[in-house]
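**Q** Residue numbers (my numbering), protein chains in the order written: chain G, 31 to 314; chain H, 465 to 868.
The hints are simulated quantities; they were obtained by calculation from the structure and are not laboratory data. By construction, the Cβ of each residue, glycine as well, lies at the ideal position given by its N, Cα and C atoms. There is no bait here: all hints are sound.
Covered stretches of chain G (chain H as the covering partner; in silico rule of three or more C-beta atoms under 8 Å from a C-beta of chain H):
(1) 35 to 45
(2) 141 to 148
(3) 234 to 243
(4) 273 to 287
Computed beta-carbon distance windows for the label pairs:
(5) G:252 <-> H:767: 37 to 45 Å
(6) H:767 <-> G:161: 50 to 58 Å
(7) G:117 <-> H:582: 47 to 55 Å
(8) G:85 <-> H:827: 55 to 63 Å
(9) G:178 <-> H:740: 27 to 35 Å
(10) H:767 <-> G:141: 17 to 25 Å
(11) G:98 <-> H:736: 21 to 29 Å
(12) G:183 <-> H:672: 26 to 34 Å
(13) H:558 <-> G:296: 35 to 43 Å
(14) H:717 <-> G:293: 31 to 39 Å
(15) H:827 <-> G:122: 53 to 61 Å
According to the in silico footprint, chain G covers these stretches of chain H (three or more CB under 8 Å from chain G):
(16) 506 to 519
(17) 722 to 734
Spelled out from the first residue to the last, the chains are:
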Amino acid sequence: MTADIAFQALGYGSVLYLISVGLSVTLGLMGFINLAHGIFAMIGGYLAAVAVAGWGVPWPAMLVLAPLATAALAAVLERTLFARLYGRSELDQVLFCIGIVFIAGALIRLGFGPTLQPMPLPPALRETVQVAGMGFYAYKLLVIGVGVATALALLFGLERTRAGAIIRAAVENRGMAESVGLRTGPIFTATFALGGALGALGGILGADVFGLNPAYALDVLVYIQIVVAIAGLGTLRGSFLAALLIGVIQTLSAYYVPEMGTILLFSVVFLLLLLRPRGLFGRV
Amino acid sequence: MNTTPITRRFALGVAAAAASGRLLPARAAAEPVKIGFVATMSGPFAATGEIMSKAAQLFLDTHGRALLGDTPVELIVRDDGGANPDTAKRLVQELVTRDRVQYVAGFQWTPNANAVGPLLNQAKVPCVLMNASGANTTRLSPYFVRTAFTQWQVCLPLGKWASGTRGWPKAYVLVTDFGPGKDAEGAFTKGFKESGGEIVGAAAMPIQSPNFVPFLLRAKEAKPDVVFGFHPGGVQASSFMKAAAEAGLREAGIQLIGSQDLTSEEELPNMGDAALGVITAGQYSLVGDRPANRAFVEAWKSKYGFKPVRPNYMAVGVWDGMHAICTAIQATGGKADTDGAMRALSHFATDDSPRGPIRIDPATREIVQNIYIREVKPVGEELGNVEFATVPAVKDPWKDLNPA
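The following block holds chain G by itself, in its conformation from the complex:
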């Protein structure tokens, strides 16, 4: 049973990580608190669910195609809408994002109705896999695998590649980066698109936890913000650990002290932020 609980915590943590890491990326890079980040997870999830259920596209194909399509949409939205808000006051940014969330939710409701959008999974993923004498739900194994792989790829990509170096340079000092000849505008667009793609991946893989519905972006908002705040604004490394921490706390409290409800989670978040206002890995 302990293995079961640990497995659940890891699975839930991975979903939280995938949904929120995109926000960490854009926040770190552009200093723009994109509260509307959840819409990319929602759009990715709906794209995949509709394509698989309605048009018979295989689920694994949509796991790749939906994030790509969402990335393209995110890039367009960044150019046309979000870019106008860079450097504006925080209130402007927040109002704008919440407006986007409501518009996206209303459009989804108009197109797909108000009820849950089911995500059909391939039968192979709904099996229980035996590992070392214990049964694991195959789908959760995949979710955990993708979560860990994404975390490693992001870390490696930012620390060890040329593209990563460019992004880091643009983040550290935009003016200096521009004066050595980097065009930061396209870098921002590309990074925003990457954030959208990661969100879409989370939306698809997390559809069994955060059900796809028109209020999705609001459903996940609190959790995304907790992960980002605990991690430290804009750190990628911290996001995975923060998501894992939230996953562990929520799963353990539900199993051992269900009567504590969400009190435990929010108390821990409260204490952590009291002790480390910049989060676990925030730059001082």
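Since the structure of chain G is already known, use the hints to place chain H on it.
**A** Chain H alone, transformed into the frame defined by chain G:
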């Protein structure tokens, strides 16, 4: 000179007043009887408002017309946006003072309904509760009549049936941590114990919890024969069913049972195989085999189709509620006569509801109805809640257990 200067604001006011019909002289021949309908038309629970308002309009367009002849009726739908008591209060105040409605109806949320009780007492306007299920609401004003249900009415018979008739000895109770969840827990526990069953554990899940697997794993540990689950329904119910499948309740030989919210008709298609074999209690099933229900479902299908929403117990609560209101309008000849309307409403009875025979108990103004025990089975190409046992003419037990 005392002339009023025509400022822009004044002009706007005139335009607004004209638009709202205030300045228009002599309306149509007969003044329509207005029904103020409060439901949740936006936000995360918008699906329920859509179901409720569609059901109301459907009744008025079909049976309503036959009942009322050429007495015109106007349905004024207002959006409370969710469990917002203050909003509900403001809406009802506007409906009563500005729109001059003769009846108030709808209400999904118990807190919203409770908040308008004092207003009804002042305004002396009848209010038909078509979905709010908090047991004490009808005590808060003599102008409340309920055509919905109460959690006690549904869950107490289920508890008795589960341990008494069906003979399951041990149950684990898992409810959402809010008013109706507590009602469901209390009612099921009482019924289950009275018929000799034992409750081996209970937990209240936070209402906004997205991940139910750990709660269900804990329940599985306690090795009960049944897990009783309660949910406010909607999207969360689907997540809960998936979690139950993932936690392996079925493989462990544990039966999942609950109130009808667990397998509500509009989410059932989204639950898939995870819902198969789940046993629930409720007053209405879409696949209920009654002529009145077949006619009701056909009427819905031809007017709205089954996308995006299909009729469920909420739709029927509204359908019967509108039936009661139309009967009252008929009895009072469409005149504003609160006493006459209340008399008609609290004696309303019909054998031809989609849910079977129903009546209002004049003493409590609560509905008396059959509670059906149902199992999720394939019906044609889809899943349905198939009724297989009936507890006839159930009164709200809470009123007897808690005398005023």
